[in-house]
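Visitor: Sequence:
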Amino acid sequence: MKILLKILGGRAALALVLVVVSFFMPRTFRVERPVVIKAKPEAVYALVAELKAWKDWGVWYERDPAMVIAYSPATTGAGAWTEWQSKSQGSGKATIKEIAAPTRMVYDLEFKDDGMLSTGSFLITGAEAGAVRISSVMEGDLGMNPIGQLMGPILDKMLGPDFEAGLAKMKRIAEGSAK
1 MKILLKILGG RAALALVLVV VSFFMPRTFR VERPVVIKAK PEAVYALVAE LKAWKDWGVW
61 YERDPAMVIA YSPATTGAGA WTEWQSKSQG SGKATIKEIA APTRMVYDLE FKDDGMLSTG
121 SFLITGAEAG AVRISSVMEG DLGMNPIGQL MGPILDKMLG PDFEAGLAKM KRIAEGSAK
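Read in my numbering, the sequence shown has 71 at position 71, and its numbers run on one by one without any break.
Please note that the accuracy of each hint is not assured.
As the list claims (entries may be wrong) - Taking lysine-lysine pairs in the BS3-like style, the calculated list, with each CA pair at most 25 Å apart, reads:
hint, residue 1, residue 2
1, Lys157, Lys93
2, Lys52, Lys2
3, Lys169, Lys52
4, Lys40, Lys97
5, Lys87, Lys171
6, Lys169, Lys38
7, Lys52, Lys97
8, Lys169, Lys40
9, Lys157, Lys87
10, Lys55, Lys112
11, Lys38, Lys112
These are computed hints drawn from the structure, not numbers from a lab. All of these numbers come straight from a predicted model, not from anything done at the bench.
Please put together the full structure from these sequences, using the hints given.
Guide: Next comes the structure, spelled out in structure tokens:
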């Protein structure tokens, strides 16, 4: 019985420490990855502005070929959306919020499985010497959820490699069509 009480007491103490530590963690997160692509801004922008084109470069789609994807009637412009359901990649919805062709596209992102809301964006700059820099960004508010706040600092390590892989595919596509 004493051993059981020690185990329960230890777990309660650990939970309390984690909750206290979470109060000192940031309530927001930001993940950003850039890549330079040798193509015109319009060609790169077309890959992010058209939601159906995301399947060509997004790494999440290739991880689950059985993913169910739905689109709004219009797949470009403010208000256009895509929804997905996947056993391995979860369920969610991305809705284009703001466009400024060919330099910026902002979208709201909702992960339905965990209720996480964030904002994503693609920023295209530096149309010089036949190349542009595109940055893929995701940022959000973790609120007062202690688990979310503890996860915040590792989101960059979790999502960053996916952003890099997607941007590398986007680069191959855009540079291939620029030839």
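Visitor: If a hint holds in the structure, say so; if it doesn't, say that too.
Guide: A quick look at each hint next to the structure:
1. Lys157 with Lys93: Given that 25 Å is the threshold and the Cα spacing comes to 22 Å, the pair holds.
2. Lys52 with Lys2: violated, 60 Å
3. Lys169 with Lys52: Satisfied, since the Cα-Cα distance of roughly 15 Å is no more than 25 Å.
4. Lys40 with Lys97: holds, 23 Å
5. Lys87 with Lys171: violated, 28 Å
6. Lys169 with Lys38: Given pair Lys169, Lys38 holds - Cα atoms ~13 Å apart, limit 25 Å.
7. Lys52 with Lys97: holds, 16 Å
8. Lys169 with Lys40: holds, 16 Å
9. Lys157 with Lys87: With Cα atoms ~22 Å apart, Lys157 and Lys87 stay inside 25 Å; holds.
10. Lys55 with Lys112: The given pair, whose Cα atoms are some 20 Å apart, holds under the 25 Å limit.
11. Lys38 with Lys112: Violated, because 36 Å separates the two Cα atoms, which is more than 25 Å.
Of the numbered hints given earlier, the model fails hints 2, 5 and 11; all others are met.
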